[in-house]
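Novice: With the hints as your guide, set chain C onto chain B.
Those protein sequences? They're chains B and C, same order as listed.
When you line the first sequence up against my numbering, it's residues 1 to 113, in that order.
When you line the second sequence up against my numbering, it's residues 1 to 114, in that order.
These are calculated hints, taken from the structure and not from any lab test.
None of the values given here were measured: they were computed from a predicted structure.
There could be a bad hint or two in this list.
Covered stretches of chain C (chain B as the covering partner; in silico rule of three or more C-beta atoms under 8 Å from a C-beta of chain B) [said to hold, decoys possible]:
(1) 6 to 20
(2) 68 to 81
List time: in silico DMTMM-like cross-link candidates among lysine to aspartate or glutamate, alpha-carbon distance up to 25 Å [as the list claims (entries may be wrong)]:
(3) Lys91(C) <-> Glu51(B)
(4) Lys57(B) <-> Glu31(C)
(5) Lys91(C) <-> Glu14(C)
(6) Lys106(C) <-> Asp11(C)
(7) Lys91(C) <-> Asp56(B)
(8) Lys109(C) <-> Asp56(B)
(9) Lys13(B) <-> Asp30(B)
(10) Lys91(C) <-> Asp30(B)
(11) Lys106(C) <-> Glu51(B)
(12) Lys52(C) <-> Glu14(C)
(13) Lys109(C) <-> Glu55(C)
(14) Lys15(B) <-> Asp42(B)
(15) Lys69(C) <-> Asp42(B)
(16) Lys91(C) <-> Glu58(C)
(17) Lys52(B) <-> Glu82(B)
(18) Lys3(C) <-> Asp56(B)
(19) Lys91(C) <-> Glu106(B)
(20) Lys106(C) <-> Asp85(B)
(21) Lys69(C) <-> Glu14(C)
(22) Lys91(C) <-> Asp42(B)
(23) Lys13(B) <-> Glu51(B)
(24) Lys109(C) <-> Asp11(C)
(25) Lys3(C) <-> Glu14(B)
(26) Lys15(B) <-> Asp56(B)
(27) Lys57(B) <-> Asp42(B)
(28) Lys106(C) <-> Asp56(B)
(29) Lys109(C) <-> Glu106(B)
(30) Lys22(B) <-> Glu106(B)
(31) Lys106(C) <-> Glu106(B)
(32) Lys91(C) <-> Glu55(C)
Some chain B residues judged to face chain C by a derived CB distance under 10 Å, without partners named [to be verified]:
(33) Tyr24
(34) Phe69
(35) Phe104
(36) Trp109
For glycine and all other residues, C-beta sits at the position ideal for the given N, C-alpha and C.
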Amino acid sequence: AAGVIQSPRHLIKEKRETATLKCYPIPRHDTVYWYQQGPGQDPQFLISFYEKMQSDKGSIPDRFSAQQFSDYHSELNMSSLELGDSALYFCASSLGYQGNTIYFGEGSWLTVV
Amino acid sequence: DAKTTQPPSMDCAEGRAANLPCNHSTISGNEYVYWYRQIHSQGPQYIIHGLKNNETNEMASLIITEDRKSSTLILPHATLRDTAVYYCIVKPLSSQGGSEKLVFGKGTKLTVNP
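If we strip away everything but chain C, and leave its shape as in the complex, we get:
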């Protein structure tokens, strides 16, 4: 079962920052927070992941609270092409190959408006 809670939908104006929250209050010490997005009927696309420190890449920033019970994905300047379902997923490290499947929850449907 998914271990995260996300709002079902959010809206954002084009050019503004989109802040997508995620609650993962039962996260364990060895679990990472991953974000993927799925643009309509395309394959899920990796965005970013982190353990406890904030992370930034060319797509987004990930802010993880100090207690690690929640996180926020930030798209700094949303465009129409960022309209997608965004999934926050916690995933443990595993000592056994192939056991680190992603368990998708409901995700947040982000709509970027012109």
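Next up, chain B with everything else stripped away, as it sits in the complex:
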């Protein structure tokens, strides 16, 4: 079965640069979630979208923005990168709400040097 696809899988950027991560949800899924997992940390919720509208917001820095497009894929844009942004970024998707299971992608490794 098709899973959540994230790209790129690995990314190296310098401080103050910009990075964009992409997420392609499971077909027919209309909800996307973004998580950040720092080294040795648990996944932290950043932001979610339902039907192309932002639906919930967590600890996402102001330097980060995200959107969900008409084909339901999502992009996380990170600007003015800092060393502390180095982390594994997960995207997850689900179908609507009312208890539908959330499925995760394999993540995108961002290293800021």
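Specialist: The following block gives chain C in isolation, referenced to the frame of chain B:
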């Protein structure tokens, strides 16, 4: 904030059952218990979920106490590939799409030994 408490680590012998406990004493009536696991630096993997009845699938069984204040995930025949961090998460149903985020706590690091 996470609403669950799990032991930080557990060990299990290969081929034996692994029983992972979780306390969720403040769980509300509309909240489900979900279990995910994360094998080193991979995406969290859904295992099972339940509301109040015991559940079983091809991966595991979930036993929820009658008062719903705790649960146990059972891996019936643990293998080395089951070594992972296991997260117990309570999540409410929501009438608003996209509002059912998973809040990860500390989880239990399960090590399956040969």
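Novice: Give a verdict on every hint.
Specialist: Verification of the supplied hints:
1. 6 to 20: violated (count 0)
2. 68 to 81: violated (count 0)
3. Lys91(C) <-> Glu51(B): 21 Å, holds
4. Lys57(B) <-> Glu31(C): 20 Å, holds
5. Lys91(C) <-> Glu14(C): With a Cα-Cα distance of about 31 Å, the restraint between Lys91(C) and Glu14(C) is violated, given a limit of 25 Å.
6. Lys106(C) <-> Asp11(C): Cα-Cα ~17 Å, so holds.
7. Lys91(C) <-> Asp56(B): Status holds; Cα separation ~14 Å.
8. Lys109(C) <-> Asp56(B): Outside the cut-off at roughly 29 Å; violated.
9. Lys13(B) <-> Asp30(B): 30 Å, violated
10. Lys91(C) <-> Asp30(B): Status holds; Cα separation ~19 Å.
11. Lys106(C) <-> Glu51(B): Answer violated: Lys106(C) to Glu51(B) is near 31 Å, above 25 Å.
12. Lys52(C) <-> Glu14(C): Violated. Lys52(C) to Glu14(C) sits at ~30 Å, over the 25 Å cutoff.
13. Lys109(C) <-> Glu55(C): Judged against 25 Å, a Cα distance of about 22 Å means the pair holds.
14. Lys15(B) <-> Asp42(B): 24 Å, holds
15. Lys69(C) <-> Asp42(B): 23 Å, holds
16. Lys91(C) <-> Glu58(C): Within the cut-off at roughly 22 Å; holds.
17. Lys52(B) <-> Glu82(B): Since the Cα atoms of Lys52(B) and Glu82(B) sit roughly 28 Å apart, the hinted pair is violated (cutoff 25 Å).
18. Lys3(C) <-> Asp56(B): 19 Å, holds
19. Lys91(C) <-> Glu106(B): The given pair, whose Cα atoms are some 22 Å apart, holds under the 25 Å limit.
20. Lys106(C) <-> Asp85(B): 21 Å, holds
21. Lys69(C) <-> Glu14(C): 29 Å, violated
22. Lys91(C) <-> Asp42(B): 17 Å, holds
23. Lys13(B) <-> Glu51(B): Violated, at about 31 Å.
24. Lys109(C) <-> Asp11(C): 8 Å, holds
25. Lys3(C) <-> Glu14(B): Since the Cα atoms of Lys3(C) and Glu14(B) sit roughly 37 Å apart, the hinted pair is violated (cutoff 25 Å).
26. Lys15(B) <-> Asp56(B): Violated: Lys15(B) and Asp56(B) sit about 28 Å apart, past 25 Å.
27. Lys57(B) <-> Asp42(B): 17 Å, holds
28. Lys106(C) <-> Asp56(B): 22 Å, holds
29. Lys109(C) <-> Glu106(B): 19 Å, holds
30. Lys22(B) <-> Glu106(B): Cα-Cα ~12 Å, so holds.
31. Lys106(C) <-> Glu106(B): Within the cut-off at roughly 20 Å; holds.
32. Lys91(C) <-> Glu55(C): The given pair, whose Cα atoms are some 16 Å apart, holds under the 25 Å limit.
33. Tyr24: With a minimum Cβ separation of about 14 Å from chain C (threshold 10 Å), the hint on Tyr24(B) is violated.
34. Phe69: 15 Å, violated
35. Phe104: 4 Å, holds
36. Trp109: With a closest approach of 8 Å, the Trp109(B) hint holds.
Consistency with the previously given hints fails for numbers 1, 2, 5, 8, 9, 11, 12, 17, 21, 23, 25, 26, 33 and 34, ordered from lowest to highest.
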